[in-house]
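K.L.:
Taking the numbering used here, the leading residue of the sequence shown gets 50, the next gets one more, and so forth.
In case anyone wonders, no lab produced these hints; they're calculated from the structure.
Treat the hints loosely; a few may be bogus.
[As the list claims (entries may be wrong)] Using 16 Å as the maximum straight-line C-alpha spacing, the simulated EDC-like pairs for lysine to aspartate or glutamate come out as follows:
hint, residue 1, residue 2
1, Lys193, Glu237
2, Lys193, Asp165
3, Lys193, Asp162
4, Lys193, Asp299
Just so you know, these numbers come straight off a predicted model, no measurement behind them.
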Amino acid sequence: MEHRVLGSTGISVSTLALGAMMFGRAFGTDDDDCVRMVHRALDAGVNMIDTADVYSAGHSEEIVGRAIGRRRDDVVVATKFGARFGGDVMRSGGSRRHIVRSVEASLRRLGTDRIDLYQIHRPDPAADIDETLAALSDLVHHGKVLVAGGSNFTAEGIVEARWAAERRGRVPMRTEQMAYSIFARAGEYDVLPTCQRHGLGVLVWSPLNGGWLTGRYRRSTVGALELTARGRGAPRHFDMDRSQNQRKLDLVEDLTIVAADVGLSLIELANAFVLAHSAVSTTIIGPRTMEQLDGLLAGADVRLDVATLDRIDSLVAPGVNVSPDWQTYDHSKPSLRGHVIER
Numbered sequence: 050m051e052h053r054v055l056g057s058t059g060i061s062v063s064t065l066a067l068g069a070m071m072f073g074r075a076f077g078t079d080d081d082d083c084v085r086m087v088h089r090a091l092d093a094g095v096n097m098i099d100t101a102d103v104y105s106a107g108h109s110e111e112i113v114g115r116a117i118g119r120r121r122d123d124v125v126v127a128t129k130f131g132a133r134f135g136g137d138v139m140r141s142g143g144s145r146r147h148i149v150r151s152v153e154a155s156l157r158r159l160g161t162d163r164i165d166l167y168q169i170h171r172p173d174p175a176a177d178i179d180e181t182l183a184a185l186s187d188l189v190h191h192g193k194v195l196v197a198g199g200s201n202f203t204a205e206g207i208v209e210a211r212w213a214a215e216r217r218g219r220v221p222m223r224t225e226q227m228a229y230s231i232f233a234r235a236g237e238y239d240v241l242p243t244c245q246r247h248g249l250g251v252l253v254w255s256p257l258n259g260g261w262l263t264g265r266y267r268r269s270t271v272g273a274l275e276l277t278a279r280g281r282g283a284p285r286h287f288d289m290d291r292s293q294n295q296r297k298l299d300l301v302e303d304l305t306i307v308a309a310d311v312g313l314s315l316i317e318l319a320n321a322f323v324l325a326h327s328a329v330s331t332t333i334i335g336p337r338t339m340e341q342l343d344g345l346l347a348g349a350d351v352r353l354d355v356a357t358l359d360r361i362d363s364l365v366a367p368g369v370n371v372s373p374d375w376q377t378y379d380h381s382k383p384s385l386r387g388h389v390i391e392r
């Protein structure tokens with residue numbers, strides 16, 4: 050599997066990173082099955098695992114810690130803090146208090162003495178960015194965290210954090226984790242170029258746009274799938290009465306043809322599209338089953354030629370989000386918060 054340097058950190062990461070959001074009680078996945086998936090991914094050349102303290106209320110981190118075991122030194126472990134645990138306002142945000150508590154809990158669950166990449170899950174408008182960076186700097190100096198990063202930041206937020214770090218002598222955020230896919234391309238205008246300009250490594254979440262680019266959602270099957278999705282509490286994303294979702298259904302048919310013409314599945318096309326951007330270091334795959342993992346790993350080394358990328362551009366223009374649900378978290382526009390996909 051191809052490896053790329055994570056921004057300017059010097060850390061080499063596989064182009065596919067294993068996402069552990071689906072691990073644990075929240076998604077009903079068996080612990081032993083999850084451990085086997087981790088081992089399968091590592092054996093296939095994946096060397097990065099991304100999780101978060103809120104995934105299954107910490108259970109995901111516990112599974113990851115158990116799975117990596119004696120292979121700890123072969124794995125780049127990334128986790129996140131800051132998203133709220135249920136309704137507990139005391140267990141969220143970017144304050145020093147929360148960060149210090151969170152890192153100790155994550156280290157314990159992961160069964161390790163350091164976190165390779167510690168990311169704020171989303172910007173916290175209630176905390177001065179210097180407060181967050183100061184706490185992260187202390188963790189880096191103490192060796193509990195090796196690299197600090199952000200997630201779901203706007204381009205302006207990235208620049209502000211860089212400015213604050215330089216002016217106050219803090220450890221800067223060295224990476225950005227963002228939503229990016231064929232259906233969510235707004236970051237091409239600002240976030241991705243900003244990351245390149247400042248040497249940040251980019252981790253992509255939801256390269257399959259929440260399942261839309263798997264090929265499961267077709268006009269012939271969408272009725273039953275929509276009912277299932279609504280039962281899981283995601284009505285907006287799968288509400289087929291919305292015009293943008295109707296457009297997605299049309300685009301899935303067109304993209305399936307593009308993929309078939311170059312001998313690929315839609316999943317392979319979607320992941321390869323994300324990795325075609327020069328700013329991207331790795332894209333996070335989030336399987337729930339071994340079958341899904343094997344399908345994702347099969348296309349690990351697929352790369353798209355210019356002609357295929359041009360065909361994708363003709364269907365979804367660069368810099369365009371097919372629907373407004375998939376956008377970088379923007380703390381400067383409170384009116385948009387209700388429309389941002391939570392993960």
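K.L.:
Are Lys193 and Glu237 close enough, with their CA atoms no more than 16 Å apart?
P.N.:
33 Å, violated
K.L.:
For a C-alpha distance cap of 16 Å, please report whether Lys193 and Asp299 respect it.
P.N.:
48 Å, violated
K.L.:
What's the verdict on Lys193 and Asp162, does the C-alpha distance respect the 16 Å limit or exceed it?
P.N.:
6 Å, holds
K.L.:
Straight-line Cα separation of Lys193 and Asp165 no greater than 16 Å?
P.N.:
Measuring from Cα to Cα gives roughly 9 Å; hence the hint holds.
Hint check: violations occur at hints 1, 4; the rest are consistent with the structure.
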